[in-house]
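Asker: Sequence:
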Amino acid sequence: MSDQADFPHLNDAARVLIHASDAQRIHAIRSGTWLGYARAKEIMARMEDLLEYPRITRMPNMLLVAPSFNGKTSILERFLALHPPDLDPEGETTICPVLMVEAPPSPDVSSFYSRTLDALMTPYKPTASVQEKNSQIKLLFKQMGVKMLVVDEIHHLIAGSLNKQRDFRNALKSLGNETKVVIVAAGTEDAYNAFNTDPQMSSRFTPEELPLWRADKQFGALLATLELRSPLKKPSNLKDPAKMLEMHSRSEGTLGDMCDLFKELAVDAIRSQAEEITLDSIRTLRWVPPSKRKQYRRL
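The sequence shown stops at residue 302 when you use our numbering, and every number in between is there.
Keep in mind the hints are simulated off the structure, nothing from the lab. Certain hints may be false.
[As the list claims (entries may be wrong)] In silico lysine-lysine, DSSO-like type, Cα no more than 30 Å apart, as pairs:
| # | residue 1 | residue 2 |
| --- | --- | --- |
| 1 | Lys-220 | Lys-242 |
| 2 | Lys-183 | Lys-220 |
| 3 | Lys-44 | Lys-242 |
| 4 | Lys-128 | Lys-141 |
| 5 | Lys-167 | Lys-220 |
| 6 | Lys-295 | Lys-242 |
| 7 | Lys-167 | Lys-183 |
| 8 | Lys-44 | Lys-220 |
| 9 | Lys-242 | Lys-266 |
| 10 | Lys-128 | Lys-183 |
| 11 | Lys-220 | Lys-246 |
| 12 | Lys-176 | Lys-128 |
[What the hints assert, rightly or not] Label pairs and their computed distance ranges (CB to CB):
| # | residue 1 | residue 2 | range |
| --- | --- | --- | --- |
| 13 | Glu-278 | Pro-63 | 41 to 51 Å |
| 14 | Ala-41 | Lys-183 | 49 to 59 Å |
| 15 | Asn-199 | Ile-21 | 17 to 27 Å |
| 16 | Asp-283 | Ile-21 | 18 to 28 Å |
| 17 | Thr-287 | Ala-84 | 34 to 44 Å |
| 18 | Thr-287 | Ala-23 | 26 to 36 Å |
| 19 | Ala-41 | Glu-80 | 16 to 26 Å |
| 20 | Thr-125 | Leu-54 | 14 to 24 Å |
| 21 | Ala-131 | Glu-278 | 54 to 64 Å |
| 22 | Ala-41 | Thr-209 | 29 to 39 Å |
By construction, the Cβ of each residue, glycine as well, lies at the ideal position given by its N, Cα and C atoms.
Please put together the full structure from these sequences, using the hints given.
Answerer: Here it is in structure tokens:
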């Protein structure tokens with residue numbers, strides 16, 4: 004019999020690995036792949052639309068908000084991977100349509116500019132003033148064809164004083180105004196507070212939300228996709244209501260935690276030679292849920 008007949012619960016990529024060593028299968032499971040679920044596709048499509056937006060006086064922007072570890076950064080990194088810089092060594096200038104920067108731990112404009120220059124892979128004077136860095140960034144954006152600036156972890160903005168927050172918002176707003184670059188800011192729910200204190204910022208950044216997952220058909224479909232891609236020799240049928248509810252309960256509806264829980268369960272299934280994820284294994288696996296991690300560290 005063919006592998007397709009023997010392992011109908013797997014996709015082609017997983018079937019290729021089914022006779023590999025345990026170590027190879029575990030590596031594949033832990034490496035993971037992009038999960039293109041419906042809401043992620045909607046946000047990616049909106050970002051594509053923004054990337055092709057004509058340069059106008061008031062450029063549209065996006066504020067992507069999600070609970071911690073719920074897939075926000077994965078979407079941004081996926082979008083960045085789809086629009087890589089053109090590193091042609093024969094070209095005069097590197098073309099970089101999408102630039103991604105992580106906001107500094109506190110709203111320091113100079114630090115933000117330094118991180119932006121680092122992302123552009125360009126040298127700058129460590130002693131350069133804020134204005135010098137700003138001028139260098141604007142010149143490089145023009146030379147390198149930057150069309151979108153993605154700023155992740157924007158909720159760090161609230162870690163500073165009100166004056167520092169205002170200065171950072173003004174710097175971000177000014178950079179967008181002067182370069183006509185689309186800005187996609189992303190962060191946790193605190194990002195709403197960071198932007199809503201400035202009416203101009205809140206009106207320019209259209210919010211897009213990644214809510215926690217519910218134990219519904221979409222969650223079941225997500226589990227089924229993970230099962231399809233993971234080289235276990237037996238079907239786990241994670242769409243079974245009892246298993247789905249237990250997975251949702253343990254991960255508390257957070258995408259990142261659900262994926263991590265699934266990986267640990269799949270690895271355990273290989274090491275125990277069970278080759279499937281059972282309801283009992285979901286219930287008994289030693290894995291600390293998100294809400295109890297701070298408490299766990301204090302024990």
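Asker: Look at each hint and say if it fits the structure.
Answerer: We went through each hint and held it up to the structure:
1. Lys-220 - Lys-242: Holds, at about 8 Å.
2. Lys-183 - Lys-220: With a Cα-Cα distance of about 41 Å, the restraint between Lys-183 and Lys-220 is violated, given a limit of 30 Å.
3. Lys-44 - Lys-242: The given pair, whose Cα atoms are some 22 Å apart, holds under the 30 Å limit.
4. Lys-128 - Lys-141: Answer holds: Lys-128 to Lys-141 is near 16 Å, not above 30 Å.
5. Lys-167 - Lys-220: violated (44 Å)
6. Lys-295 - Lys-242: The hint holds at about 26 Å.
7. Lys-167 - Lys-183: holds (24 Å)
8. Lys-44 - Lys-220: holds (17 Å)
9. Lys-242 - Lys-266: Holds. Lys-242 to Lys-266 sits at ~16 Å (cutoff 30 Å).
10. Lys-128 - Lys-183: holds (26 Å)
11. Lys-220 - Lys-246: Between Lys-220 and Lys-246 the Cα gap is close to 13 Å, so the pair holds against 30 Å.
12. Lys-176 - Lys-128: Since the Cα atoms of Lys-176 and Lys-128 sit roughly 24 Å apart, the hinted pair holds (cutoff 30 Å).
13. Glu-278 - Pro-63: 41 to 51 Å: Holds - the Cβ-Cβ distance for Glu-278 and Pro-63, about 50 Å, lies within 41 to 51 Å.
14. Ala-41 - Lys-183: 49 to 59 Å: Roughly 31 Å apart at Cβ, these two residues miss the hinted range, so it is violated.
15. Asn-199 - Ile-21: 17 to 27 Å: violated (51 Å)
16. Asp-283 - Ile-21: 18 to 28 Å: holds (24 Å)
17. Thr-287 - Ala-84: 34 to 44 Å: About 37 Å separates the Cβ atoms of Thr-287 and Ala-84, which means 34 to 44 Å holds.
18. Thr-287 - Ala-23: 26 to 36 Å: holds (27 Å)
19. Ala-41 - Glu-80: 16 to 26 Å: holds (19 Å)
20. Thr-125 - Leu-54: 14 to 24 Å: Since the Cβ atoms of Thr-125 and Leu-54 sit about 22 Å apart, the hinted range of 14 to 24 Å holds.
21. Ala-131 - Glu-278: 54 to 64 Å: holds (58 Å)
22. Ala-41 - Thr-209: 29 to 39 Å: Violated: the Cβ-Cβ distance is about 19 Å, outside 29 to 39 Å.
The structure fails to meet hints 2, 5, 14, 15 and 22 from the earlier list, while all remaining hints are met.
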